[in-house]
Amino acid sequence: MSNKDDIDYDIGSYRCEGSIEHFKFRICLEILRTSFHHKNTEIEKKYTKRIEKVFHWMEKTSDEPQDQNDLEETSSSIEGKLLDSHLKTEFNQQHNGRTILHDIMGHSSILTESFKKISLMKDHKKNIHFFTKNIIDNSPSDISKLHNRLPNFNQIMHVLLDLGNNGTENENNNLVLASLYWNPNSHIMTIFPNFTTNNSSGYILPISTVKDSCFEYRFWIENLSNESLELITDTFHLLKFNHYEFYIPETDTIEILGEITSASGFEYDNLFIRYSIDLPSGWKCANTNSLNGTTHTCRRNNNMTSIFSYLFNVTVILPKTIDQAKDQHINSAFITFIIYSIDSWNKERVEGYASYLIPKFSTSISYKNNVKLEAWLPKSRNCIDNLHRYFIGGTVKLAEPNYISVPSNFNEKLLSKFGMEVEHRGTLDITLSNIMQRRKSIGNTNNNMNKNDIVSAQALVKSVNNVMASFKRARQRMLLACQPILSPSHI
Amino acid sequence: MAELFIIGQLCSAEEFPSKSLFCKWSVHAGNNWKIISGHKEGQTQVDSPYYDSRTWWCHPIDIHFASKGIQGWPKFHVQVYHYDSYGRSEIYGYGFCYVPTTPGTHTVDCHTWRPIGNLRDEFRRFFLGGGAQLKSPDFVYCGTDRYRLHTESLGKVRFRLNVIARNFRHYGVEL
Numbered sequence: 000m001s002n003k004d005d006i007d008y009d010i011g012s013y014r015c016e017g018s019i020e021h022f023k024f025r026i027c028l029e030i031l032r033t034s035f036h037h038k039n040t041e042i043e044k045k046y047t048k049r050i051e052k053v054f055h056w057m058e059k060t061s062d063e064p065q066d067q068n069d070l071e072e073t074s075s076s077i078e079g080k081l082l083d084s085h086l087k088t089e090f091n092q093q094h095n096g097r098t099i100l101h102d103i104m105g106h107s108s109i110l111t112e113s114f115k116k117i118s119l120m121k122d123h124k125k126n127i128h129f130f131t132k133n134i135i136d137n138s139p140s141d142i143s144k145l146h147n148r149l150p151n152f153n154q155i156m157h158v159l160l161d162l163g164n165n166g167t168e169n170e171n172n173n174l175v176l177a178s179l180y181w182n183p184n185s186h187i188m189t190i191f192p193n194f195t196t197n198n199s200s201g202y203i204l205p206i207s208t209v210k211d212s213c214f215e216y217r218f219w220i221e222n223l224s225n226e227s228l229e230l231i232t233d234t235f236h237l238l239k240f241n242h243y244e245f246y247i248p249e250t251d252t253i254e255i256l257g258e259i260t261s262a263s264g265f266e267y268d269n270l271f272i273r274y275s276i277d278l279p280s281g282w283k284c285a286n287t288n289s290l291n292g293t294t295h296t297c298r299r300n301n302n303m304t305s306i307f308s309y310l311f312n313v314t315v316i317l318p319k320t321i322d323q324a325k326d327q328h329i330n331s332a333f334i335t336f337i338i339y340s341i342d343s344w345n346k347e348r349v350e351g352y353a354s355y356l357i358p359k360f361s362t363s364i365s366y367k368n369n370v371k372l373e374a375w376l377p378k379s380r381n382c383i384d385n386l387h388r389y390f391i392g393g394t395v396k397l398a399e400p401n402y403i404s405v406p407s408n409f410n411e412k413l414l415s416k417f418g419m420e421v422e423h424r425g426t427l428d429i430t431l432s433n434i435m436q437r438r439k440s441i442g443n444t445n446n447n448m449n450k451n452d453i454v455s456a457q458a459l460v461k462s463v464n465n466v467m468a469s470f471k472r473a474r475q476r477m478l479l480a481c482q483p484i485l486s487p488s489h490i
Numbered sequence: 000m001a002e003l004f005i006i007g008q009l010c011s012a013e014e015f016p017s018k019s020l021f022c023k024w025s026v027h028a029g030n031n032w033k034i035i036s037g038h039k040e041g042q043t044q045v046d047s048p049y050y051d052s053r054t055w056w057c058h059p060i061d062i063h064f065a066s067k068g069i070q071g072w073p074k075f076h077v078q079v080y081h082y083d084s085y086g087r088s089e090i091y092g093y094g095f096c097y098v099p100t101t102p103g104t105h106t107v108d109c110h111t112w113r114p115i116g117n118l119r120d121e122f123r124r125f126f127l128g129g130g131a132q133l134k135s136p137d138f139v140y141c142g143t144d145r146y147r148l149h150t151e152s153l154g155k156v157r158f159r160l161n162v163i164a165r166n167f168r169h170y171g172v173e174l
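If you're matching them up, the sequences are chains A and B in order. Heads up: the first sequence is residues 0 to 490, going by numbering that gives the first Met the number 0. Heads up: the second sequence is residues 0 to 174, going by numbering that gives the first Met the number 0.
FYI, nobody ran anything at the bench for these hints, they're computed from the structure. All values derive from a computational prediction rather than experimental measurement. It cannot be assumed that every hint is accurate.
[As the list claims (entries may be wrong)] When the alpha-carbon atoms are kept at most 20 Å apart in a straight line, the in silico DMTMM-like pairs for lysine to aspartate or glutamate are as follows:
| # | chain 1 | residue 1 | chain 2 | residue 2 |
| --- | --- | --- | --- | --- |
| 1 | A | K132 | B | D120 |
| 2 | A | K144 | B | D83 |
| 3 | A | K132 | B | E173 |
| 4 | A | K371 | B | D83 |
| 5 | A | K132 | B | E121 |
| 6 | B | K18 | B | D108 |
| 7 | B | K67 | A | E249 |
| 8 | A | K319 | B | D120 |
| 9 | B | K23 | A | D141 |
[Said to hold, decoys possible] Output of the computed footprint for chain B on chain A, the stretches with three or more beta carbons under 8 Å from beta carbons of chain B:
| # | region |
| --- | --- |
| 10 | 244–250 |
| 11 | 275–281 |
| 12 | 306–317 |
| 13 | 375–382 |
| 14 | 461–471 |
[Claimed, not checked] Non-contacting residues of chain A with respect to chain B, defined by C-beta distances greater than 10 Å in every case (computed):
| # | residue |
| --- | --- |
| 15 | S143 |
| 16 | I203 |
| 17 | K412 |
All residues carry an ideal CB built from backbone N, CA and C; glycine is no exception.
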């Protein structure tokens, strides 16, 4: 029988992929009662009692007291590591708030659907109210400020074993069976002691004696939500990661990481930007929703700059037959930005158009910081259009936004935009980087690896040969030096 | 498995309405990415420069990522707070930026904004401080039509990052 010293009280760290609400674990407790009067082992086993209980995350339970001396009561408590006890209840409220927010995030598709209907501008105010109410907290409480500010905000759950008689409250009777720490930001759960394996003999608590009996408590912790937790303990994660296959796509892909940084120099304030990415025929995108989007509306600062710092990323799948040498001049993907302004009367104006050609092949300088795009707007010579724009919004627009570069229905040889007058309206700053990943070619990767291996093997042989040669030279020198001493004439 | 090392510092902040700032930062990555070592979030000290126009933090960042796919490239998320003479700390800005995708030394400017409320809220904020903040910072990632979120431009936070990539080329990724 193993005792406490034989068992490692490991800390287990797990990354939770799913929602923490689905997490559950089981604790089995075995109580062994030994009477001092009987030394026969058969009699000892007679008093074994086994209790099992399944716990959910943050489930606060307490079992009814069992019969005297074999009493077992489990309960869980919640407390914030970084908060002291008097903030406990407020923290719980915050937790509830987060749960509600989570629900709303789940309905984001419905929101998105509704927002796409731009024609419903009459509901604009109502929607704004609904949208901002769920996202912005206009008068955040002190606890929410603290919660948002402090990193490493762990939620802690303890499973206690109460050994008290008849439910009497005494802290000495409480033994902590397990402590679980959950970080909602990093989605990492730490459990002490770690989950027991199938064949484990369990953990043993210090033995207690009551009257003439000796009680031994042995417990097991089992994870009942195996799929959601993934082992990342310090000792094992490297081994684990080695098993991960790096995803190599069937065809070449380009990962475009973009950031709409800022816009400056435009006529009106409160700007927002719609972007859309046009792909040439044959190119595909895994998630077509990511091909377009809208930033938030931003008021400019003292430097007359509106800051968005809006990130987007698009995964573009290239056609299989693309050939770098031949298809150098075919159309590449381009990104179109339309800058809008919205005023206090909810009048929307187009402030400018800008576009950027996304390079087809990534280079060593594919990370482009602060790309400045000059935005322009079609100019109208009609005075009424200007008055229209000034008083009731709206303006001369492009019939098709892709006219910024090459129109989609254009099939002729020569593209002429003569006759369209435009004027410069402002500057848009973006950061773009694209990462290209070549398609799966097993030969290539293996060859690379083999080449490395060969090179290293050759280097090893060469260095061994060098050592052998120098050893031979040294041995010869030693023999030469010893020759006069060993010669018979010298003796 | 490919690996990415991000070593650098959260240098400074500038162009904010007032000094005495501190910053909470975190790094977010997709499901393909796991942190092997290093902290994924942190909080700087409060820096209150008297003469310098910049607020300096020089907060170290050292993260070691393991990756099994380029999707979900890591990005930094910063929240700048103002710590005033009454001991109150109020949000000054949220900002986001991608970790540079090419190895080498990079200076990355992360521009920030903050949500604004109606006229009454702004009036109150001007005199009493405080003001609107996001209910959960995670919200900045949601929604394609975010134009209903009204914000105000603020300053920028400067990162100085050294990026080291390992084994990406073996899997056909050209960085």
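A quick look at each hint next to the structure:
1. The suggested pairing of K132(A) with D120(B) holds, with an alpha-carbon distance near 14 Å, which does not exceed 20 Å.
2. For a cut-off of 20 Å, the pair hint linking K144(A) to D83(B) stands: about 15 Å separates their Cα positions.
3. At roughly 43 Å between alpha-carbon atoms, K132(A) and E173(B) are farther apart than 20 Å, so this suggested pair is violated.
4. With a CA separation close to 36 Å, the supplied pair K371(A) and D83(B) exceeds the 20 Å bound.
5. For the hint pairing K132(A) with E121(B), the CA-to-CA distance comes to about 16 Å; that is within 20 Å, so the pair holds.
6. Restraint check for K18(B) and D108(B): the C-alpha separation of about 18 Å stays at or below 20 Å, so the hint holds.
7. A distance of roughly 15 Å separates the Cα atoms of K67(B) and E249(A); the hinted pair therefore holds under the 20 Å criterion.
8. With a C-alpha separation of about 55 Å, the suggested pair K319(A) and D120(B) falls outside the 20 Å cut-off, and the hint is violated.
9. Only pairs whose Cα atoms come within 20 Å are accepted, and K23(B) paired with D141(A) is accepted, the gap being roughly 17 Å.
10. Only residues whose C-beta sits within less than 8 Å of a C-beta in chain B count toward coverage, and the region 244–250 of chain A has 4 of them, enough to reach three; the restraint holds.
11. As drawn, the region 275–281 of chain A meets chain B at 0 residues by the rule of a beta-carbon pair under 8 Å; below three, the given contact is violated.
12. Given a C-beta distance limit of less than 8 Å, the hint that chain B covers the region 306–317 of chain A holds, as 7 residues qualify and 3 suffice.
13. Requiring three or more residues with a Cβ within less than 8 Å of a Cβ of chain B, the coverage given for the region 375–382 of chain A is violated, as only 0 such residues are present.
14. Coverage of the region 461–471 of chain A by chain B is violated. Counting CB-CB distances below 8 Å, 0 residues qualify, and the rule asks for three or more.
15. Its beta-carbon lying about 8 Å from the closest one in chain B, S143(A) breaks the requirement of being farther than 10 Å from that chain.
16. Listed as outside the interface, I203(A) is consistent with that label: its C-beta sits roughly 33 Å from the nearest C-beta of chain B, beyond the 10 Å cut-off.
17. Even its closest Cβ contact with chain B, about 33 Å, leaves K412(A) beyond 10 Å, as expected for a residue assigned away from the interface.
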